[in-house]
Structure formats: structure tokens, C-alpha cells
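As given, the protein sequences belong to chains Y and E, one line each in that order.
When we follow my numbering, the leftmost residue of the first sequence carries the number 2, and every step to the right adds one.
When we follow my numbering, the leftmost residue of the second sequence carries the number 2, and every step to the right adds one.
Simulated from the structure, these hints should not be mistaken for lab results.
Please read all numbers here as calculations on a predicted model, not as lab measurements.
Be careful, since some hints might not be right.
Said to hold, decoys possible - The following label-pair restraints were derived from C-beta to C-beta distances:
no., chain 1, residue 1, chain 2, residue 2, range
1, E, Lys63, Y, Gln360, 46 to 52 Å
2, E, Lys63, Y, Lys321, 19 to 25 Å
3, E, Glu65, Y, Lys321, 20 to 26 Å
4, E, Arg555, Y, Asp129, 56 to 62 Å
5, Y, Gln620, E, Ala449, 39 to 45 Å
6, Y, Glu324, E, Ala276, 46 to 52 Å
7, Y, Gln360, E, Val450, 36 to 42 Å
8, E, Glu65, Y, Ala453, 54 to 60 Å
9, Y, Asn328, E, Gln683, 44 to 50 Å
Unchecked claim - Derived BS3-like pairs (lysine-lysine); straight-line CA-CA distance at most 27 Å:
no., chain 1, residue 1, chain 2, residue 2
10, Y, Lys677, Y, Lys539
11, Y, Lys319, Y, Lys143
12, E, Lys143, E, Lys272
13, E, Lys321, Y, Lys63
14, Y, Lys518, Y, Lys321
15, E, Lys63, Y, Lys321
A virtual CB, placed ideally from N, CA and C, is assigned to each residue, including glycine.
Protein chains: 2
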Amino acid sequence: MLPRGRPRALGAAALLLLLLLIGFLLFDGRPREAAARDRDPQTDHRGHNRSDCVLLRPLPAKCELLHVAIVCAGHNSSRDVVTLVKSMLFYRKNPLHLHLVTDTVAKNILETLFHTWMVPAVWVSFHDADELKPKVSWVPNKHYSGLYGLMKLVLPGVLPPALARVVVLDTDVTFASDIAELWALFAHFSDEQVIGLVENQSDWYLGNLWRNHKPWPALGRGFNTGVILLRLDRLRQAGWEQMWKLTAAQELRTLPATSLADQDIFNAVIKGHPALVQPLPCVWNVQLSDHTLAERCYLEVADIKVIHWNSPKKLRVKNKHVEFFRNHYLTFLEYNGNLLRRELFGCPSPPPPEAEQLQQAVAQLNAGDACFEFRLQQLTVPRVHLTFLPHEPPPSRPNDVTLVAQLSMDRLQMLEALCRHWPGPMSLALYLTDAEAQQFLHFVETSAVLSARQDVAYHVVYREGPLYPINQVRNVALAQALTPYVFLSDVDFLPAYSLYDYLRASIEQLELGSRRKAALVVPAFETLHYRFSFPSSKAELLALLDAGSLYTFRYHEWPQGQAPTDYARWREAQAPYRVQWAANYEPYVVVPRDCPRYDPRFVGFGWNKVAHIVELDAQGYELLVLPEAFTIHLPHTPSLDSSRFRSSTTYHDCLQALQDEFHQDLSRHYGAAALKYLTALQQP
Amino acid sequence: MLPRGRPRALGAAALLLLLLLIGFLLFDGRPREAAARDRDPQTDHRGHNRSDCVLLRPLPAKCELLHVAIVCAGHNSSRDVVTLVKSMLFYRKNPLHLHLVTDTVAKNILETLFHTWMVPAVWVSFHDADELKPKVSWVPNKHYSGLYGLMKLVLPGVLPPALARVVVLDTDVTFASDIAELWALFAHFSDEQVIGLVENQSDWYLGNLWRNHKPWPALGRGFNTGVILLRLDRLRQAGWEQMWKLTAAQELRTLPATSLADQDIFNAVIKGHPALVQPLPCVWNVQLSDHTLAERCYLEVADIKVIHWNSPKKLRVKNKHVEFFRNHYLTFLEYNGNLLRRELFGCPSPPPPEAEQLQQAVAQLNAGDACFEFRLQQLTVPRVHLTFLPHEPPPSRPNDVTLVAQLSMDRLQMLEALCRHWPGPMSLALYLTDAEAQQFLHFVETSAVLSARQDVAYHVVYREGPLYPINQVRNVALAQALTPYVFLSDVDFLPAYSLYDYLRASIEQLELGSRRKAALVVPAFETLHYRFSFPSSKAELLALLDAGSLYTFRYHEWPQGQAPTDYARWREAQAPYRVQWAANYEPYVVVPRDCPRYDPRFVGFGWNKVAHIVELDAQGYELLVLPEAFTIHLPHTPSLDSSRFRSSTTYHDCLQALQDEFHQDLSRHYGAAALKYLTALQQP
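The shape of chain Y in the complex, shown without the other chains (with noise of 0.2 Å):
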């Protein structure tokens, strides 16, 4: 409970006293909004605007973990977490445990997610949504967040037995201070009180907004479930499944479906138990619903804590002050991630595992090695955010195939004619920052071509560190193909119209699935021109070719990365035919999706792919080329970060270092055989 007096006049100890006694006087627990607020323990010592300040409140012990609930179901409401985690994780000064409950597309996003992520002093649990639908599924309801919405009401049965408190957030909220003041209000419930609320900043509750509005039943304004402190200990004591139930049972004789999911049922349970409530001051939600009233709140303080998105037009809302909030939320979508991975001053807590082994390795690292910089990025573990974007998996079929590709901002141009060339699954990783992330994700709800296609998969890999960690982010492409196959592609080739039905019947003729052990092989051209219209079959291309509007690809600068795959007997194929491997052989390939991944410790640029084939190669794959399968790749400005290392001789010079300790590994793995990737390397 929180006693709190407003003196004007400074430093009299004597008035201090005075209004501290007044204070405790003043406090009558009722659930008024003005109340409320003037009873912010926060205000005083953060709102720097009034003259002078007490503060007498309960912080969190040193270091104390602290816990939070969030309901988190789907691909958007994943990305909103991950600027609520942002925000949270800017301004805590303790270590903290988020207890997800999720659907299986959102734990397979934020568990990866944060499994890369390795920030310091965060624990995160899953609890699968999908189990606990059966419990909340009979409340008919009306609000956008569907099922998962009420789910927040079950969170005393799911979370474990020995948590007692908790935080629990909705995923359109942003936090604008430390969550350690938020959990410091536990300590002013009363015994009786379970749940801390702030107050409705809408007349929602009130039933006047318009005609034959009527809502459920709530105290005055009633409590938005936006931000929730939940006494878990003493809900399970007190048979809060049986109340909400009850309660929700009753209403529903007289009233249709809930039309704020939670929130109804909170509301309806406290209209009857009003003593369970604990009012929270009004800053730590500052709801920016429409018609919201919430300025009554924050013009008097000027301090918010929490931000609560609550309208479903989101930031396009309407408000006098949404400029304001709107800044506030885009710090954080856009907030590099990676500067979040600090530590704890004070409060040290051993790093996860796996960052503890990455820093151990870094540790071994000789800072005079010249390769120092290649090697610190191999070490480096980027942030990967998966399926970006709504993505629904393709069909189960046996000879489909997946074209995984990578790419970083200045190939976005690329993709929708990617997508009209190949109609199939795509999983494709884009290696940016966060606010490119964000650019990324405009562009393709821009774009009528990319919004169109559910089939494609666009996995986000974090920047971080000076070289292009290419195979890392072809890996996480890969190892997301959801197909028996894969087409292993780049961003900047364009395949056959036809290559992706004519794929699928390959490796049904070819009878890949049971018997042989191929990669197959798609040609590759290129053009120089910008200008270019693409062929629609094997003829029109080779009359291209021999126009000298094509070429085979990078037939000026590295013949021999293609040279194996013999276009002079592709020309008159009916039928596929085997190839040898040859050195420095680089073609683009259809292989099984369990197929090598990239070695990683190719990083900037070359030899990345070259490395891949051989591995294909010595574990025995056979090279078939496809009589007619290509693949074209178009002109493009030299990239960054290729042109910057291309020109560097300790760029050069690395890459033999790391050649040789791929070719050592090699023997290590497949003996003496592959002795001869290096013999063939050494020949003139």
C-alpha cells in the first residue's frame, strides 16, 4: 500500500513528515482513475517536473529474477513481441524470465529467435497454446485476438506451480521505463488482493458510446487486461478457475459473446469480488484505443512506462499525441537487437551455454592472426528471426521442390521477378539490420506480386560483424526447405519458366526419392544486359547464345566454375547425362533437402559455393545435368561488401588459409580419397 503526499515547498523536512502522514490518510483503495494516479509511487520521482519528492517503496531485491507472461500466437504477433522484448530489455536492470505461451508457429520463431539472440540474464519457457484451447474454447468471443486472447485467464494453471507473481503483457504494448518499478507494485497489494489493473481509458464499460451498446459488466470504467499483475499463489488458493468460470457462465445467459475476450471476464469476476483488485497508476498502460480519454493520465505526469497499442488500426491510430508514441515505438522496431546482449552490471548471471563456448572460442582467437577478423565471424552467431512474414507451409508432396536462396537489401529488386519465374516453395534468408528488417517488410506489403504468395518463406538473419557470413545465412535458408528437395539457387538468377514443374518431374523420372544419390545439375547463363528478354525454351536460349546476347556463366572471368557441367553436350541433350567433378566446379544444383550444409567458414565472398560441391562430391552424390533446365543470371552493381574485400591482399590471402584448413578437414572426414580436391587444386 503506498502512501504518497504531493509538498510543493522544498526540502522542509517537517512538511515531509506531515504529508507523508497525510498521505497514508489519504489512500481509500477505490478504483478511480484520478485516485489512481495520484497515488503513483512513480510520478513523484520521475515526473521531473514537480518541485520536490518522497518516495517510499519497495524496489526489487538486488538482482531478483523477475517473471513475465505473454500470449504470443502467429507471425505478426511475433514480430510485436520482439519489440516488446526490445523495449523491456533497454531499460531492465534485472534479470528476467518470459513465460511464452505460444501456437507452434510462434514458438518455432521466438525460440529461435532467442536461442541466437543469447542476451544475458533472460530465460525464456514455452507453454503450447494449442493445449490449452479446450479450456478456453467454449467462451464464445468477438475480439480480434480470437482464442488466444483468453487465454490470459488460464495463466495461473499453466505457469508453474512454485511461481507466485507475475507480469503479464499483451504483445502491443512498448515500454518506455524499467519493469522492476511495474513488479515494485506487488508489494502494495493488500492480502486480499490478487490482481493489479490499470483503469479503462475508453467509456467502453460505461455503455454510452452509442445506441443499444451493451457491454459486459465492469466497476465504473472497468480495468484494461493490457498489462496484468497477477498474484498467482493466491489466485490458485483462492479457486480463481472456478470464479472466472462461473462468472463467465453466468453472464453469458444474459449476454452474447465477449467482445474484449479477457478483458470481459476480468471485469465481470471483479464487478463482483471488487476487494481481488489492486489499481494500478494509469502510466503503466497509456492505452491509445480510439476514443481513448488517456491524456487525462499523461499530460499531468509527462512520465509514461507502458504503451499499449490497443486499437486494431494500431499506429495508424488517431491522436492528438500519436507522433509522440509513434517515435517511441519505431526506436524499438527499429533498435539494432544486437546492442541488447549486455550484461548486468551488479547482477552477473553465467551467459548461456552456448554464448559461454563462443566466448571461450573468441578468447582463443589470436588478435595479430591476420585471418582475426575472418575467424571472429565464423565465431559469430547473427539473430535469426524465421518466417518473417505470414508463411504457410506447401502440401506434403514427394518430388516437390524448394529454391533457397539469400540476399541482403540491395537484391530486394530481385524478388518479384523471382516470383514470377518460380511458382513453388521459396525459402529465402535476408541478411539485415533491424530497421532494413522493417524496410523489407513494407516492400513486400507493397508489393501486390510478393503479398500474393503465401509459399514463400523469408527468413531474417541479423548483420553483425564486418564480413558477409554467406554460408551461415544460406544455412538458415536451407535448413528451413520444407520439401524432400531444394534447388540451391542465388538471388540473382532467374530459373526457366518452366524449371519448377519440370524439376518435379525429373526427380520423378529420374526416380531420385528411392534409388540414386544426384545432385542435379541446372545450367547457368548469364546476361550482361539490363535490357533482356528472357527465353521461353531451350531453343530460344541457345539462339540467344549464339546472337552473343547470352553467355554461359561467367564465361569472361571463371570458366572453369561451370566448365564440368559441358555445355557444348548440353546443347544437343535429350537426356540427362553424368559429370565429374572438377576442381574449383561451382554449378547450381537440385539435391535432397538432408544434403551438406555450407561450411561456414566461408565468409565475405569466394569459394563459398565451390566448397559445397566438393562436399557433395565426396560424399558420393551424382552430378546429372537436366537436358532442359536453366537458369540466367542478371547484371547487378558489384555488392559492398564484395567490392570492398575483392581488392584486399589479406583478403586473398585468408581465403588460401581458409581453403587449406577446409582441405585438412576434409582428409580428417573422408581420408585419403579426398586427397584429391587438393592434388586437383595444385594442378596447373
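For chain Y, the structure is supplied; the task is to place chain E on it using the hints.
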């Protein structure tokens, strides 16, 4: 004066009162680091890991204007100031007045920056550092800050006489909290105290760092002057100027030059007059110098307020926790400054007059207008950071020419080649995000070619809004050209190696300065190939043209853009020849620096150069084609900005509407004669 106790039990009012009294008694006013820390009025309420807290401290009055003084000279310090100011603005809740003591370079940069930043409730005044030099130049000084470091000593005489209090900051500090909390510490000054400082967190002044190390005198470890609270009124009254001069002169009799600039002198004065200083809590100046003892401060309090990068190594300083501090710094280095253009709640302040006019203009736009985005973009004033990197203005030469162009991140690759082709001065405007500006900085610093050039001025125009404001960006580059003539180029063109010399000779020959009002046309060509050997003469160029390796610029898509140049005549020409304007003509020209600006209404892509040539013709510029001049366009991937909009019909409709308005404005300015431009367009 600040009493404070540390009760650990919760909620016991009696104990609190007792501790308050003990707090009063404990206070001893001596500059011991531990005492300073213990007395920290902030530690308790924001060092969240204490169990309880009492806060008795006056905060600035609601909306009180806080004053900050910073000495800043040169290009690099100007960039540092921006990061410092961003961190300050992020946490501030009060109006601020910045008093900047600047040299000419810093004034030019920061005046434009703040003028275009238009942050509400921030005022900036400038004081000329060069005028102050004589006041401090008699003090010999070895510190890397040079003469400018010493200028903090003369602030009481420089700042307005009515100004009583000011926070003085070094350019290498970063805020991690609200500056109002620092300002609040003025209230703890006793009647005698005139200066608030944090103790040094190194043993420098103890004189035991190495043998024969003889520092200037100081009390114990002395104080650090990276963050200073100055009672200007009292300093003036106490005859501060006399005081520091006498002390410095006296010490200089036995000591060599100052090693730490103003800091040595402040400490020497304090050693003689300890009553002048109010020691501040160490968290207000966490010093990351070499040999720092800062850990003693921050490991206990876990709540850092201001970070001071006071080692010449800056971010590369070795420190166990440097990763944490660096991440905090990078947060603001890369922070989108546009997001700080946010109102102060509860503290309304009139926006700067320009901002108000803009707001009114924006309010008058019709959001239903299909071209709303175009009109909004035109009204957007982008933040501009002139000469982002060190730059030497070219010596004054009567016929000199500056190459003017604009670019964004995807054209950085062009810069090295451009530098090789154009040995003269350049003024380049870059349209970038804050984070990209840092990548750009790194790009230049790691390029031997670019970092060798001091005559290339890079002006950063910060991205804002959905459309590319190409003409606004061009105008920034044009306005900053310092030679009498400018070559208005585009960044994807490489000029003939001889062009710079040839243009200057032509200007002299044609007597452009005195006799003729002319635009010299540089004929434009293009190659569609990335591999391309640049012609070293007109003869070579013509051979390539005949061989089909080169084309005239946009020969295939838009020949009318260059047609009036009359390439057939150019082949044979031996002397400059005059050509007539025709519809859609957009040659690359050399004109006097005071030529008309580009029309900023053309945003996105299309017609942005055409309109400029129309304007030149309307103003009576002769168009003279130079017989030996040429420039060649290199191929590149179409930019995202252009490809996104070229396909949209709205874009085409709006471009048409903008053209119509342009023609209307032309008639208004130039009368009936200007009708010819519209008529020419309408001809088939």
C-alpha cells in the same frame, strides 16, 4: 545538501525518519569518492536493486529551461556533439538551451543541423571560439583537445550575463539518464560552492602512474571536467577570471604546459580553494579512460547516468565492460534523429517558426489527394549534416569547377572511381539514415583513395518520408559548392579523365566569368557493360561508339533527353557550338555556382533534371556544347526507390500534376514567353 539513509526494512516509517536524521548527520562535504557515491541522491531511487528508498531532492520546476554549454571545433567533434545531443534529447523531459562555443567549421555544421532538425523545445546559441583564442592561448597545453579544451575556463565571461547556471559538457560524453536529474544537483550547492564536479576515476593526479610523472596540483585524485555544473553568477562575483589566471600563471612558474588542458587549471584552483567545489555522484561522469577505476563506481550502483569516453582511444579503449558502454554509445550513434522531433508533454512550447509554417502547410494538404504523399514529401525538411567528414575548402581560383552530385547507400561503390576520374573539388550530398551514415564513415575511412582526398565534401541529408527527395538532396550539394562554377553531374557517371582541366580551360577561353551567361554541355554516353575500358580520348570514345560498345546516353529508352546535344555534330566539332532547348532535354551542364536551384517539388523519380534545364533556358542561359568533353554512365541495378514507383499509375498521374503546376509557376515567373515550354511538350 543531500541527506540520505539506506534502510533495508520495508515500510517502517519510524525507521525512515531515523535514517533521514542519520543521513543529515553523516554528510561531511568532503570529496571522497565513496562518500560521493553514498551521497548520490539518484542511486537510491533508480539503482533498482536496493530494497527501499527515500528521496528528498528538489527537481527542476515544471518546464524549467535547462542550459548546457559545449565547446566544439572541427568536423569530427561536430559529429561527436550530435551523438551527445541525441542521447541527451532521448532522456530529457525539460526544454533545453544549448550554448555552443564553436569554430567556423563547427558553427557551419551545427547551425544547419539544428535549423533543419527542428526539435521542439530546444534553443541553440553560438559563440565564436576564434574570438576567445587570445584569452587562453597564453597557457601552454599538451592535451589533445588543444586550445579549445581551455575555453571552458572563460565561459563565465562568454555566456549571457543574466545566465546564472549552466551544465558544461565535453563532446565525448553520452547520457544514460535525464539531464534534469543532473541539473537538480545545483540545489545541493552550499552558498560558497560555485562548481560541481565528479572526482577523477584514475590515479593521474596522485602522480604515481610512472616514474617522474609530475602532474599539476589537485585535491587527492582531483576532479574530472568532462561534466561540470557552473554557478556562473557566483563565479563572476568571485572574480573567477582573475582567480584562474593567477593560479595558472603561478603554477606555470614551476610546471611545464598543462597536460589535461582546463582540467589541470580547475584542479589547481580547487586545491587552493576547496570550498568552491561541490563533489557530484560518480555516476554523472563514468570515465572510460585508460587505467580507469570507474568500476568502483558503477559496479555498486548499477545505474549509470553519463558515460565519458575520456581516452584518446575512445571506443577502442580497453575496459572489461567496454562492450556494455559501447552498445550504449552505438544506440545513439545510429539512432534515427528524426524520432527526437517530439513534443514535450505537459510542457507545451511553440515550435520553431519554420516548423510552424510547415505544420500549417501540411495541415492544408488534402489527405484524400492521390498525390498526398508527393506533396507531403515536398514539405518535409530533411535534417542536414554538412561536411560530415573533414574537408579542406579549395583555394580560391577564378575558373575552378566543383563536381556536384547526390547519392544513396547503393552507389557508394562509385566514389573511388569518381575520385580517380575527377581530381578537382566535389560537393556530394548523401541521402542516408543515421546508421548508414556511420557505415559510410567507415567506408571512407577504410578506403585509401577516399581518405586521401580532402577536397571532397560529403553532406549527409537524413532520410525521411517514403519518396526520394532527389532535388532537395541535389540542392544541398549545389549550395555547398565553393568554386565559381559547378559541374552538375550524377553519381553513376564517370567523366573523361581530362574533363576537370578541360572545363577550366574552356571557361577561361569562353570568358564565361565576364561576358556570357552560358551552360556548358558535357555530352553523355553510356555503357551497358560492367567490364569496360574507359576511353582516354574523344577518338577512343568514338571508336567504341562505332563498335557498339558505347551508346549515347539512354539511346534506347529516352533519346529525346539528349537529342538536342546533336551527337552527329559533336563528332566533327572542333569548337563549342550553341544548341537550342527542346522538350525533355536534360544534358549534364557546367554553370556558375549561382545558377537556379533544382525544383524540390520533383520527388521520387522523373522530370527532376528536365525542369532544371527549362529553368536555365527561361533565365537566358546559352547552351554551349563542348567538343572535347564527355561523361559516361555506368550500368547499375535500378534503385529500389525508382523501381517501386516507376510501375505505379498514381506515380505517373502525380508526376503529370507536378509538371502542370511547374508550368503554371513558370508562366507566373517568366510571363507568356514561358508558354513555349508547355507547347513544346504538347507537340507529338
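The hints, checked one at a time:
no., hint, verdict
1, Lys63/E to Gln360/Y: 46 to 52 Å, "holds (47 Å)"
2, Lys63/E to Lys321/Y: 19 to 25 Å, "holds (20 Å)"
3, Glu65/E to Lys321/Y: 20 to 26 Å, "holds (24 Å)"
4, Arg555/E to Asp129/Y: 56 to 62 Å, "holds (59 Å)"
5, Gln620/Y to Ala449/E: 39 to 45 Å, "holds (44 Å)"
6, Glu324/Y to Ala276/E: 46 to 52 Å, "holds (49 Å)"
7, Gln360/Y to Val450/E: 36 to 42 Å, "holds (37 Å)"
8, Glu65/E to Ala453/Y: 54 to 60 Å, "holds (56 Å)"
9, Asn328/Y to Gln683/E: 44 to 50 Å, "holds (46 Å)"
10, Lys677/Y to Lys539/Y, "violated (35 Å)"
11, Lys319/Y to Lys143/Y, "holds (23 Å)"
12, Lys143/E to Lys272/E, "holds (21 Å)"
13, Lys321/E to Lys63/Y, "holds (22 Å)"
14, Lys518/Y to Lys321/Y, "violated (64 Å)"
15, Lys63/E to Lys321/Y, "holds (22 Å)"
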